[in-house]
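*Asks:* Sequence:
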Amino acid sequence: MHPPALALETVGNPWLWLGFLVLVLVLLALDLGVFHRRDEVIRAREALGWTAVWAALAAVFAGFVWWRFGANKAIEFVTGYLIEQSLSVDNLFVFVLVFATFAIPPKLQHRVLFWGITTAFVLRLVMIVGGTALLTRFHWLIYVFGAFLVVTGIRIFFHEEQEHHPEKSVAFRVLRRLVPSTSRMEGHHFFLVENGRRVATPLFLALCMIEVSDVVFALDSVPAIFGITLDPFIVFTSNIFAIMGLRSLYFAVAQLLRRFEYLKAGLALVLVFIGLKMVVSSWVHVNAFASLGVVVALLGGAMGYSLWRTRREEAGSPEA
1 MHPPALALET VGNPWLWLGF LVLVLVLLAL DLGVFHRRDE VIRAREALGW
51 TAVWAALAAV FAGFVWWRFG ANKAIEFVTG YLIEQSLSVD NLFVFVLVFA
101 TFAIPPKLQH RVLFWGITTA FVLRLVMIVG GTALLTRFHW LIYVFGAFLV
151 VTGIRIFFHE EQEHHPEKSV AFRVLRRLVP STSRMEGHHF FLVENGRRVA
201 TPLFLALCMI EVSDVVFALD SVPAIFGITL DPFIVFTSNI FAIMGLRSLY
251 FAVAQLLRRF EYLKAGLALV LVFIGLKMVV SSWVHVNAFA SLGVVVALLG
301 GAMGYSLWRT RREEAGSPEA
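According to full-length UniProt numbering, the stretch in the sequence shown is residues 1 to 320, in order.
It should be emphasised that the hints constitute simulated quantities derived from the structure, not laboratory data.
Be careful, since some hints might not be right.
[To be verified] Computed list of lysine to any residue pairs in SDA-like fashion (alpha-carbon distance at most 25 Å, straight line):
1) K73 <-> K277
2) K73 <-> V272
3) K73 <-> L135
4) K277 <-> F217
5) K264 <-> W283
6) K264 <-> L97
7) K264 <-> V286
[Said to hold, decoys possible] Pairwise CB distance ranges, derived in the manner of DEER restraints:
8) R45 <-> V179: 17 to 25 Å
9) F114 <-> G19: 44 to 52 Å
10) V179 <-> A290: 17 to 25 Å
11) F158 <-> H188: 38 to 46 Å
12) R197 <-> R309: 30 to 38 Å
13) E186 <-> A290: 51 to 59 Å
14) E186 <-> W67: 43 to 51 Å
15) W67 <-> L18: 15 to 23 Å
16) I154 <-> R197: 48 to 56 Å
17) V126 <-> W15: 19 to 27 Å
18) G63 <-> L97: 32 to 40 Å
Predicted model only: the values in this text are computed from it and were never measured.
Even glycine gets a Cβ: it sits at the ideal position worked out from N, Cα and C.
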């Protein structure tokens, strides 16, 4: 007996897609053109405020989805948002390493992240639309995505943490060879003219490395959200709201994330759960409320246990 074909239904009509894209463009224009027009260091308190603003906007949008399309779609949006936000944690560490590698001053980091994440919108849209088209035509790919997530989750769970070195990566070496560059920076410009030719500044090289890292992490996060919902509009909007808050989250808690030692284990279990859910989707249906409960329990449990262990170790340290 063959499993039934996937029915990919979406709540997003052309007007909703257009309205959401316009909303995103307006928010980005306000962000860079009004609130962060000048290059300056983003303080932790300001970053926490902006993190709360982006989270509040996501909550308002979830309320709109609930009002317009029902509780089930709203829960799918919230679950997808939480998964994407959690899986983006590793991205924050990569940001730290990239900025250190290229010696990017703190006051210029927001501009690099702004353009990096703005470009990521286009990449995510292409991946989501492409993934939806593939799932529509080849429904068996849902099992491939599921198996991929299970294997990825197991690998992350048992894989020991290693230091990342962006300057030793293949992408970095290829970028250095293909793009004429200079070590000199002049304001927030991505390109300069030296000796009559146009060369890239460290800001552009850092931007490219951030784009590469986003593509790598999207290979996990996009299939994971497809495990929650097959509605491309819900997948895209939850993805974008999570990404929009990522810049503020970086400036707010990048240095505190080391305290969440076991968050990676929680994320690994989330990937395994979603992967298994996709594999058995044709025979066993797990509703949106149950999925959200499992995701929150795994992530919340991992974060709570990490904080408990950290405080216990600090209390038992000689300095304490």
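*Asks:* Of all the hints given earlier, name the ones this structure violates by number, lowest first.
*Replies:* Hints 5, 8, 9, 10, 12 are the ones this structure does not satisfy, whereas the remaining hints hold.
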